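S.K.: Residues per chain are reported as follows:
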Amino acid sequence: MGYKCIRVATAAVLLILLILGPAAAVERPFGEILQALPSASYEAKATLIRELAETGHPRAVPVLRALSEGDLYVRKADQRVFIVRKGEGGYDLVDPLSGEPAGQAGRRDVKRIGINNTLRNVLAAQLASLSLAAPEAAVRRAAVAQMLGELDASLAATLRARLAEEPDRGVRGMIREALALVDLQAADEATRLAAVQTLHGSLTPEARVRLMALAADPEAGEALRTQARQAVASIDRWRSFYRLMETVFFGLSAGSVLLLAAIGLAITFGVMGVINMAHGEFLMLGAYTAYVLQQLLPGQVGLAVVLAVPAAFAVTGLVGVAIERGLIRHLYGRPLETLLLTFGLSLILQQAVRTIFSPLNRSVATPAWMSGAWQINPALALTYNRLAIILFALAVFLALLALLRFTRLGLQVRAVSQDRQMAQALGVRSEWVDALTFGLGAGIAGIGGVALSQLTNVGPNLGQAYIIDSFLVVVFGGVGNLWGTLVAALTLGLANKFLEPAAGAVLAKILVLVFIILFIQRRPRGLFPQRGRAAEA
Amino acid sequence: MKLPTPLRPFTERDRVFDALVPPAQRVRRQTRHGTILHVEDVTVSFDGFKALDALTLYIYEGELRCIIGPNGAGKTTMMDVITAKTRPDAGQVFFGDGIDLLRLSEPEVAQVGVGRKFQKPTVFEQQSVWDNLVLALHSDKRVWASVWFRLAPAQREQIEQVLETIGLVAERSRLAGELSHGQKQWLEIGMLLLQQPALLLVDEPVAGMSGHEMEQTAELLTALAGERSVVVVEHDMEFVRSIARRVTVLHQGAVLAEGSMAEVQQDPRVIEVYLGA
Amino acid sequence: EPPIKVGVLHSLSGTMAISETTLKDTVLMLIEQQNAKGGLLGRQLEPVVVDPASDWPMFAERARQLLSQDKVDVVFGCWTSVSRKSVLPVFEELNGILFYPVQYEGEESSRNVFYTGAAPNQQAIPAVDYLRDELGVERWMLVGTDYVYPRTTNKILQAYLKSNGVAEGDVREVYTPFGHSDWQSIVADIKRFAAAGKKTGVISTVNGDANVPFYKELSNQGIAPEDIPVIAFSVGEEELSGLDAEPLVGHLAAWNYFMSVDTPRNDEFVESWLDYIDDDARVTNDPMEAHYIGFNMWAQAVEKAGTTETDAVIDALVGVAVPNLTGGYSAMMPNHHITKPVLIGEIQDDGQFQVVWRTPGLVLGDAWSDYLPESKQIIADWREPLRCGNYNVKTGSCSGQNVE
Amino acid sequence: MGLLWASLRRDRGGQVLLVLLLAAIILVPLLNLAVPAGAPGHLSAYTVALLGKYLCFALLAVSVDLVWGYCGILTLGHGAFFALGGYAMGMHLMRQIGDRGVYGHPVLPDFMVFLDWESLPWFWHGFDLFPFAMLMVLAAPGLLALVFGFFAFRSRVNGVYLSIITQALTFALMLAFFRNEMGFGGNNGLTDFKDLLGFDLQSEAMRVSLFVASALALALGFLASRYLTVTRFGQVLNAVRDAEGRTRFLGYRVENYQLFVWVFSAMLAGVAGALYVPQVGIINPNEFSPLNSIEMVVWVAVGGRATLYGAALGALLVNYAKTFLTSAAPEAWLFFLGGLFVVVTLFLPQGLVGLLRRSRA
Amino acid sequence: MPSAATGAAAAQAVTPTLALESIQQYYGESHILRDLSLTVPAGSCTCVMGRNGVGKTTLMKVIMGLLPIRAGRLLFEGDVLSGRPAVARARAGIGYVPQGRHIFPQLTVEENLQVPLGAGRTDRIPPRVFELFPVLREMLHRRGGDLSGGQQQQLAIGRALVLAPKLLILDEPTEGIQPNVVHDIGEVIRRLREEDGLTVLLVEQKLPFARRVASDFHIIERGSVVRSGAIAALTDALVQQHLSV
Ligand SMILES: Nc1ncnc2c1ncn2[C@@H]1O[C@H](COP(=O)(O)OP(=O)(O)OP(=O)(O)O)[C@@H](O)[C@H]1O
Ligand SMILES: Nc1ncnc2c1ncn2[C@@H]1O[C@H](COP(=O)(O)OP(=O)(O)OP(=O)(O)O)[C@@H](O)[C@H]1O
Ligand SMILES: [Mg+2]
Ligand SMILES: [Mg+2]
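Residue numbers (the numbering used here), protein chains in the order written: chain A, 24 to 560; chain B, 10 to 286; chain C, 2 to 405; chain D, 2 to 362; chain E, 2 to 246.
Hints were generated in silico from the structure; no laboratory data involved.
Note that the coordinates shown come from a computational prediction; the quantities given were computed from them, not determined experimentally.
No residue lacks a Cβ here, since even glycine has one placed at the ideal position from N, Cα and C.
Accuracy of the hints is not assured; some may be wrong.
Across the chosen pairs, the derived CB separations fall in these ranges [said to hold, decoys possible]:
1. A:L426 x C:S273: 52 to 58 Å
2. A:T70 x C:S398: 21 to 27 Å
3. C:D276 x A:L267: 53 to 59 Å
4. D:A329 x C:L387: 27 to 33 Å
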């Protein structure tokens, strides 16, 4: 509402200015400042940006945003400034003053107006104060958050004014917090005490920093200092609680990555008994499928990632079936030799990818809905990609479990892997079962690869990075037990993340390995061992 | 003081490597009462199912004892307990007078003189019949002794004899894995003989043997008894009748009846659960 | 006339292939261009390519093969320090010439090796200066892969920062294993470290494959360059081509060359590279420029010496100056390191860097860091009369030499 | 000993291997030192070093075959023992540098100097003495194998579980040795060796001596392993491989047999590593890489399991193929090597030895 | 009961359920089945006998298609079986109870019984199986590998019946089974033949049992059939001659 009013008002002002002509302009007009941007040095640009913001021009926000996002260009031919949208074939130009389309230009006809980090800071600050009245609460919240860093008296006044009309409770809370931060420096004791009270549960880093400073400030009164110290203690309690939550989240997400990497192996190795050294390369194939799909669907990152899941399943699954039919089926009953064969295969697949896609890493973009974080509070944010992967891993796991539990295939796979000849003699088409199972394991690995493509490099070495961990997970969980794989993956993920802050990443990894070695001494058949007479013999 | 949980199992284990202890001597068995094996109140359960239920059983020195009982009565499980393959939940097993078998590991049980033939013939499939027998041969079985082991002429003789007995002279250099089911049974009996145990546990020796072979086996076992104690589990009543002096009937993990073959055969409970009309 | 043989010792398979294959292609391109110009001394150049397969002992073996079997006149090769360390004795024993194109930790100067990549003072120190002076960074997080280059660089930086009055508590070092892919905890840690109220910067010596997940995590956890700038020493155009640069815009790298540098010579180089590799999507990077400089230096030295004979060429090389791609000249110094400008670039969304700062002049590569107590007193000078790579000015002795 | 000769008489492959080694011990020094460089028949230093390296790998393969082929322990971590032996030797060579390092420090190796170590860590003491270092070449891998094996075998860890924890072991060691704090030179490892027993490592004579030492070590290692496999000890190993449980019921303490052969094999691997390091001039944590250990198993499988000489043959062949292919077809050698493994498994289930046997039959 | 006592001669008239013609089988170089021919008349219970190691089990595996043969022909209900894989034979209606039971050790009893359902001859476990072997119902959720030897044997027979076979091959089915159950199995075989029209091929060493359930017999020696006939013709003299050592 408020925003609209301002817009109407400023539009009116602008209209008047236009009618009155240049004579009435005390300050330089918006367009003129804008035209000065391209040729200015970085320092000069900073001043220009401030000036642009201060005009209060309705186009200030979009223009500044375009500048900060690198979408503000200058046309080489006439040195005019445009906002640019990258479209098919070329660039669509938008007139910065009117927001109207202004034709097209080729890549080489325009030049971007460069900014650097300092300018980005300036831009962020200016945008923040401009968007304090934005219609979306989230934008306003971000604006307030941005302001926390550089609070001063004038900003405080703006905020105070805003507080009165702010409809959103969350934003109001933030503004209050920001004002309390200002009030900490106030002259009278009471205001300061009240500010400390307000900041008691605050999780923003600035609050803690300033309270700490206050607690250590010899000038401040004893009561104030004690209050501040208590506030810090309470903040720290909350922070360590959220830190624990965060670590758990990290652990679960690390565990789900392990799960996704290992679950295909839990089938090819765990159920079928093929010591599948090429498993890592199946992951890699899945990741490359995601890459290829993104190439095929330019500009549709999200769709490509979603489609990549079935596509990777199909591609890797088929490769798996082909490998099983062509090679591995000759090796049943000679499990150790599958190691040799699949090791050879893994070398071949790696080199094949190197030959086809070059040895360089490929870039797989992350869709918008998997970028960024769900900021629960200033001390706890859950990144969307990790959240997505945790859910995805569980979904894959459950689907697989259902498949093996509720279809005939599951039973037949186990029968075949335990006694191939007898299964045949009972009419089980072991060839089908083998091919399907291996294909399933490979396909699931491919799906895992799609997930990995969202987290890490897509390159020929991708598989190598995960193969050892995958085997560890399957073995730690107990070969042949899907639940074991789940529990093992999550346990290892959590163990790693809980150790890491104390021991460092390297030592944490070593400790986890040592833990596995010791654990296997205690339970020589993993977490969920196969039991019974047959297993003991 | 309590050790941290992961370390505790290492201290609990009572198996010790022989580098650390003097060679496990064959404890001289003092068979005061003439019993060579005491099985007392042994209970074994699997996931709540009692395979052995307070089983008590004594085997006497030099005796040939037949144990019969329905499928699943716990006969094989009983042998598992005696040979340390399965640890019972409760009960005691003594060998001779002094040896608590429950505290020994499988090789130690074998070394103190308990030999076993498995229900499902288990031989070393990748080794020749001859080598299978050499492996079984009664001798010092520690690592260092094996490194310097040489077959003495007397031992060679012994093996030849056993080969003769089990009718595998012609197959001596074939791989054990290539033998037929019955031949494997024989080979395992041969291995048992060469182990020279004081107590032989024989689980279903004549399964898959023809009538004539059955007679041979019967003769062999009868000959062994006296000098050694023999426990035979078998379902073939004809065979049992031909060797049995004393028969124990197990049922649901406990002794149902015991006595001479004639007595047992008359027992209505045995007829009901086992023999049939 | 028999051709002049040029050895190429870069891994084409294994973990390092990702970086080194490009360098092999670069050398092949340079040879082709030189041949098109009529070769050297009227002789054609012939490349001898071998694959040490990212296996360090294999590097030594291959080096020996190149020098003693194939009898090459010069070798361009190696990427990792350990591969260079592995071949070093071989080059000294068989008296060969190696051009090493990658930035490294320094602390070495061999008569037979020419270091065309950056020494720490040609990359790390200017980077710190930039962060401190231009961006006002006061708190420092040094994140690296746990191996010698990051360790040494960070040691030098620690010493440098301390000598500039940075407090103990305002510097923190964190190391990860090779190929580290789960950066959640470390990035969260960076955030916490930065929450102390002072402007914080991250100096990254994270190596190779670990960078992609590192940057993805940075952007996901919302670490914006304007809040916490990250400056990297091992992330170049090639690495960026393997990830979606969009969320990283504004983070920094310090190099001696960027593909985006606007000079005619660079345009020409980029053009011929894209032509040669026949793929418009490919990029050029700093180690490629190093090979470009090294190759031209060698060619010029051969012309100068009038022979490819090793000793003559080694002697002729010192003092040779050739144009670099950033618009100046690089010269081979007596310590076998070269002079280079240092550039700071900001990552752009197209995977390129925009130069935001450069040293006013050329920086001279320092083999022995002045910020390490033991190495402070060592200098390298391969000219007469010193002819020594590690001359201890205190004791006046020339230590650790394998060649007379 | 009689048993050994008797079994060797039947072991044609073993005979060939020993004869070849003997020939190499005589011919290689002759062709390298006596025939002048450039003359036909001259063996270059490059070739000598290469052959020496192959022989070390062959010894390593024999040690792997002993536990895998004969005892059924599929070890995916034997590289750890090899590397430990190598590090023991490397540490001795580092200490031999003395004050000839770049910083001229009388005691500390270069990497310690520039990472600011104050004094030599305790575990570096004694390595300046050759006999002590040689003892450690055996003791370091031996002890690790003893401790690891003691617990693993006692707990009856076997099959893939054992394989994977051996892999975890070597992986953990790799990460640990990568750490600079460990005091083993981190990723750069130990390099820049100068001399051994007072002789220059780069000299022709030294190189030939190392080659001869490797050949002798391989011959002795082979004989010792062969002896072990033909005794009843070897039979018990086989029995364990086929039916571990059954072996116990015959009165054999299986864990002791496994432990013995495991430690013995680890020591052999350690010796191979110790001979390898001075010949290639570097030892770095990469030698602990699980991939390397898998490769060792592959050598054995290619050559032929449970034959010993087949393992040696496999190691020689695969490594020669690697050397040859990486220079002949740098872009495609992985295709060839991978293809070789696939073909061998599919068509030569008993490895190359099986092929030889079949062609003779 | 005339149907149970089908004589060999009477059966010749109709197509035999199974006919083997000049089978030659080798393990590597060792010649096990030598020019072996025999027929199993429809509806009969034919018993194959012979000493240990003569090749009885081998023969059963050959019939089941688990071992390749070098020469000879197999006819099942007049169709040529040779060359077809075991799966096809099972689906054609041959049920197999192997020597050594070959239970899937990690599958529960129920799952063991469900395995043959995939062959498509039936889609649920016939209640008949539990009727014949009540112990299986009690043990339904126990792992097959945990059962006692005799229980496993019963499971193996039950499992073969799930296939609803036309020909049931039993390799020493009484091995390790308690006497009253042995007796029951004899009854089962009889009932299956009578009520379900099943043909049975039996390997059996125990004479009394063989005499009780079989209608015909073949004696194998050195890989060939040396004697055949109706079971009544199996005299003690023949036994003495061919079945004792
Ligand atoms: N590991 C185990 N888990 C669960 N149940 C078991 C296990 N071992 C044995 N049982 C059960 O214990 C009972 C006794 O088995 P055991 O093998 O001892 O019988 P048995 O008397 O030898 O029978 P048979 O004569 O058929 O061989 C059986 O019902 C069996 O199912
Ligand atoms: N896999 C094999 N490889 C080589 N020879 C074998 C193999 N299996 C069996 N034999 C040999 O084939 C012959 C026949 O074996 P088979 O198992 O058919 O005998 P059988 O008549 O069933 O004996 P039993 O009554 O003991 O079960 C035997 O001499 C056996 O040694
Ligand atoms: Mg039993
Ligand atoms: Mg049989």
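S.K.: Run every hint past the structure and note whether it holds.
M.R.: Now for the hints, and whether the structure bears them out:
1. A:L426 x C:S273: 52 to 58 Å: The hint (52 to 58 Å, Cβ to Cβ) holds, given that L426 (chain A) and S273 (chain C) are roughly 55 Å apart.
2. A:T70 x C:S398: 21 to 27 Å: 59 Å, violated
3. C:D276 x A:L267: 53 to 59 Å: 57 Å, holds
4. D:A329 x C:L387: 27 to 33 Å: Violated: the Cβ-Cβ distance is about 43 Å, outside 27 to 33 Å.
Hints 2 and 4, counting from the list given before, are not met by this structure.
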